[in-house]
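Take these sequences, add in the hints, and give me the full structure.
Sequences listed follow chains A and B, in order. The number in my numbering is simply the position in the first sequence, starting from 1, with 96 added. The number in my numbering is simply the position in the second sequence, starting from 1, with 564 added.
Read the hints as simulated data drawn from the structure, not as lab findings. Incorrect hints may have been included.
Just a sample of chain B residues kept apart from chain A, beta carbon distances all over 10 Å, derived [to be verified]:
#: 1; residue: Ala668
#: 2; residue: Phe709
#: 3; residue: Glu749
Computed list of lysine-lysine pairs in DSBU-like fashion (alpha-carbon distance at most 30 Å, straight line) [claimed, not checked]:
#: 4; chain 1: B; residue 1: Lys711; chain 2: A; residue 2: Lys307
#: 5; chain 1: A; residue 1: Lys322; chain 2: A; residue 2: Lys307
#: 6; chain 1: A; residue 1: Lys307; chain 2: B; residue 2: Lys707
Just so you know, these numbers come straight off a predicted model, no measurement behind them. C-beta: ideal position from N, C-alpha, C; glycine also.
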Amino acid sequence: MATKRPGFLSPQGRVLPVLTIIALIIVLWYGLAIGLNRQQVAERLDGLGQPWGISDLIADTWSMDRPVLPAPHQVATEFWKTTAEVAPSSKRSLIYHAGITASATLVGFVFGTLLGIILSAGIVHVRTLDRSLMPWIIASQTVPILAIAPMIVVVFGNIGITGLIPKAIISMYLCFFPVAIGMVKGLRSPDLLQLDLMRTYNASAWQVFWKLRVPASLPFLFSSLKVAIAISLVGTIVGELPTGASGGIGARLLSGSYYGQTVQIWSALFMAAFLGMAMVYAIAGIERLSLRRMGGQ
Amino acid sequence: MQSPRPDHGGLLVPGDESIIDIRNLGLTFQTADTPVYALSDINLQIGAGEFVSFIGPSGCGKTTLMRIIADLEQPTAGAVKVNGLTPREARLQRSYGYVFQAPALYAWRNVLRNVTLPHEIMGTGRSEAERKARNYLDLVGLKGFEKKYPWQLSGGMQQRVSIARALSFEPQLLLMDEPFGALDEITRDRMNEELLRIWAQTRKTVVFVTHSIDEAVLLSTRIVVMSARPGRIIDIIDSPLPPDRSLDTRETAAAQELAHRVRQGLRAGHSYDGH
Ligand SMILES: Nc1ncnc2c1ncn2[C@@H]1O[C@H](COP(=O)(O)OP(=O)(O)OP(=O)(O)O)[C@@H](O)[C@H]1O
Ligand SMILES: [Mg+2]
Numbered sequence: 097m098a099t100k101r102p103g104f105l106s107p108q109g110r111v112l113p114v115l116t117i118i119a120l121i122i123v124l125w126y127g128l129a130i131g132l133n134r135q136q137v138a139e140r141l142d143g144l145g146q147p148w149g150i151s152d153l154i155a156d157t158w159s160m161d162r163p164v165l166p167a168p169h170q171v172a173t174e175f176w177k178t179t180a181e182v183a184p185s186s187k188r189s190l191i192y193h194a195g196i197t198a199s200a201t202l203v204g205f206v207f208g209t210l211l212g213i214i215l216s217a218g219i220v221h222v223r224t225l226d227r228s229l230m231p232w233i234i235a236s237q238t239v240p241i242l243a244i245a246p247m248i249v250v251v252f253g254n255i256g257i258t259g260l261i262p263k264a265i266i267s268m269y270l271c272f273f274p275v276a277i278g279m280v281k282g283l284r285s286p287d288l289l290q291l292d293l294m295r296t297y298n299a300s301a302w303q304v305f306w307k308l309r310v311p312a313s314l315p316f317l318f319s320s321l322k323v324a325i326a327i328s329l330v331g332t333i334v335g336e337l338p339t340g341a342s343g344g345i346g347a348r349l350l351s352g353s354y355y356g357q358t359v360q361i362w363s364a365l366f367m368a369a370f371l372g373m374a375m376v377y378a379i380a381g382i383e384r385l386s387l388r389r390m391g392g393q
Numbered sequence: 565m566q567s568p569r570p571d572h573g574g575l576l577v578p579g580d581e582s583i584i585d586i587r588n589l590g591l592t593f594q595t596a597d598t599p600v601y602a603l604s605d606i607n608l609q610i611g612a613g614e615f616v617s618f619i620g621p622s623g624c625g626k627t628t629l630m631r632i633i634a635d636l637e638q639p640t641a642g643a644v645k646v647n648g649l650t651p652r653e654a655r656l657q658r659s660y661g662y663v664f665q666a667p668a669l670y671a672w673r674n675v676l677r678n679v680t681l682p683h684e685i686m687g688t689g690r691s692e693a694e695r696k697a698r699n700y701l702d703l704v705g706l707k708g709f710e711k712k713y714p715w716q717l718s719g720g721m722q723q724r725v726s727i728a729r730a731l732s733f734e735p736q737l738l739l740m741d742e743p744f745g746a747l748d749e750i751t752r753d754r755m756n757e758e759l760l761r762i763w764a765q766t767r768k769t770v771v772f773v774t775h776s777i778d779e780a781v782l783l784s785t786r787i788v789v790m791s792a793r794p795g796r797i798i799d800i801i802d803s804p805l806p807p808d809r810s811l812d813t814r815e816t817a818a819a820q821e822l823a824h825r826v827r828q829g830l831r832a833g834h835s836y837d838g839h
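If you want it as structure tokens, here you go:
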């Protein structure tokens, strides 16, 4: 079980490959920034009426105020300024906005997960629910909820429900689905013999559920949760787009695009990515802990 | 060939004290294409304290018969009584311990907690449950493996855990479906000895499935020889061997003779198969 960890920078380790990919992406990105911003810069340099060289062009494409594609260091600087150099409680802080997004995401995620688990338990135990509920669950996801999310938020706003709740509802709507589907499969995963064993003990349905179905379903639950938290975050951010000034990563994205602040947009995007990664890794960590406690290999 | 004897002589009077009473039992599985005649016209009475082995070719319905006794399968003809009750009532009273052909352990429970599972379901106190579990794990030779998980054990060890699990809540009736099939010869001998000892001590009623003639001869007070298509009983043989046995009993003339008769029965059963 306990294999020796490979060295920090050895080719077998995780760190070196990841760093290589990051380096490649950054190089590519700088290249793209030149390509995409070239035209604007060239026009401006021409307008100055002085001769200019290729190095002027490159330097300028990497330091524009409102570039088409900002260079990595511009995004990094903006990210640093809006996280480390302002108080987290300030409206100019990305951490403040990430907190708003994270709380709506988590609330939606928790309730969506509960809903998914309750639905799956019902579907597994009640035959008529299996027949009647499953088509509705699937149909629910054919509604392009992300497309109409801003509308939903506006509608909620009109009836006086604002802030966290409308966003959390969108998240919940998105994330109960993978949980329900995964849990139905997980709760049904015990094989016939394992179920027969319970029958020979005359175990109650309640005991079969808690001592057999639930533990057998946990690996399924965790893979569903990772999907669920990721789309829950997306749902929240989309739900924040129409709220404008009231905060959240989505609001940051919107105001950035409103004012052509691409650097701000990109740093908000990175914040969203980091937030998503942190959430997925948190679930993976809980998964590892609980599966290890259950004798995982 | 001898026909099944519903009013079997032996140690008991029919209808009296029979732990298991099977009459004209049949089971036909309705599969998609053709019906499978798994069992037909089974008649068998098993008395308290008997050790009855089913032996027969693969697919002759041994597992199916055990499952009917355990109320895991419903017969399509005939009737079964267990302790004078229907199999369902007997199951609801937790009258038997069942050792399945495969270990059926729960992967997320360690060995000890797999064995205490029936106790948890039945509401035995924790310390009492653990004491019994440790006791029977010891008995099947798994002392020191309590904290291991199923995937850390060999197939034979897993099967022994499942045997300990069935023994640990001390049912009066044991249904064992090829419990030692996955074990090596030596371990199997040891388990046979232990089973003989437990049986002699506790006078449980044991219904046992095996593919090994030697094992059937060594353990049984009666051997039920079955044949396939449809699954039926072709011979029921009373063992002439004395009740106190050891592995050496297999070498005695009486045992050899018994083995011979079982072998002949099996051979005769095979010749039914459409030849
Ligand atoms: N659920 C089922 N549906 C259809 N056919 C079945 C079912 N269970 C068993 N059978 C059939 O019933 C017959 C008897 O099966 P059973 O498992 O009782 O045999 P067995 O004597 O235990 O064999 P083995 O020695 O290989 O364990 C077989 O022909 C099998 O294909
Ligand atoms: Mg079988």
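Q | No chain A beta carbon within 10 Å of Phe709(B)'s | A | holds (13 Å)
Q: Over 10 Å to the closest beta carbon of chain A is the bar; see if Glu749(B) clears it.
A: holds (26 Å)
**Q.** Given pair status - Lys707(B), Lys307(A), alpha carbons within 30 Å
**A.** holds (25 Å)
**Q.** Satisfaction of hint between Lys307(A) and Lys711(B), Cα-Cα up to 30 Å
**A.** holds (18 Å)
Q) Can the restraint linking Lys322(A) and Lys307(A) be considered satisfied, given a maximum Cα separation of 30 Å? A) Holds, at roughly 24 Å.
**Q.** Closest CB of chain A to the CB of Ala668(B) still more than 10 Å away
**A.** violated (4 Å)
The structure fails to meet hint 1 from the earlier list, while all remaining hints are met.
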